[in-house]
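Novice: Under our numbering, think of the first position of the sequence shown as 19, with each following residue one higher.
Derived from the structure by calculation, the hints contain no laboratory data. Using N, Cα and C, we set each Cβ at its ideal position, and we do this for glycine too. It cannot be assumed that every hint is accurate.
[What the hints assert, rightly or not] Taking lysine-lysine pairs in the DSBU-like style, the calculated list, with each CA pair at most 35 Å apart, reads:
#1 Lys102 x Lys153
#2 Lys120 x Lys100
#3 Lys148 x Lys46
#4 Lys97 x Lys153
#5 Lys153 x Lys52
#6 Lys153 x Lys100
[Stated by the list, open to error] Per label pair, the in silico range of CB-to-CB distance:
#7 Asn121 x Lys62: 20 to 30 Å
#8 Tyr113 x Gln66: 12 to 22 Å
#9 Tyr113 x Glu63: 28 to 38 Å
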Amino acid sequence: MNNSAISTYIIDDDPFYSNLIANWLFEKYKANIKMYNDAESCLKEINQTPDIIFLDYNLFQEEKQNMDGNTALSALLEKNPKLKIVMLSSVENPYVVSEAIKNGAADYVLKNDDTIYNLNRIMKGISIYKEYLKKYNNLEFED
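Between the sequences and the hints, there should be enough to build the whole structure, so can you do that?
Specialist: Pasting the structure below:
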């Protein structure tokens, strides 16, 4: 695993959308990507702190009786409060956005024509931060 690569989890029940985003993240940022089609799978396996998790708001499927995005957000943060989770959604309701942020989401990105722009903004920020940490950790301090 490349230590400078951005470790990224995608939790989305739409395989087409997940693959589209994953391919873009890999091509643009050489991100190390893990994809999950539900939050339960991610919760069972999450023993690391990825740099970012992109979590679909509309995960709930009645036939599966699985977690919705807000429940997943809370469960993931309860398991590891250091996680940085960005909600992805086609829901433009300001109440839904504010609830997600209030519940601990680092950001809320709409699935629309600006999605790639917003993901790029987030990934650039993570890249800059990781580069800064790398440089800082290599500094030698005098007594």
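Novice: State for each hint whether it applies.
Specialist: Structure-based check of each hint:
1. With a C-alpha separation of about 22 Å, the suggested pair Lys102 and Lys153 falls inside the 35 Å cut-off, and the hint holds.
2. With a C-alpha separation of about 16 Å, the suggested pairing of Lys120 with Lys100 holds against the 35 Å cut-off.
3. Annotation: proposed proximity of Lys148 to Lys46 holds, straight-line Cα distance about 16 Å (limit 35 Å).
4. About 30 Å separates the Cα atoms of Lys97 and Lys153, which keeps this hinted pair within 35 Å; it holds.
5. At roughly 27 Å between alpha-carbon atoms, Lys153 and Lys52 fall within 35 Å of each other, so this suggested pair holds.
6. Between the alpha carbons of Lys153 and Lys100 the distance comes to roughly 22 Å, so the proposed pair stays at or under 35 Å and holds.
7. Remark: the range hint 20 to 30 Å for Asn121 to Lys62 is upheld by a beta-carbon distance near 21 Å.
8. Between Tyr113 and Gln66 the Cβ separation comes to about 33 Å, which falls outside the hinted range of 12 to 22 Å.
9. Evaluation of the 28 to 38 Å hint for Tyr113 and Glu63 yields a pass: the beta carbon distance comes to about 32 Å.
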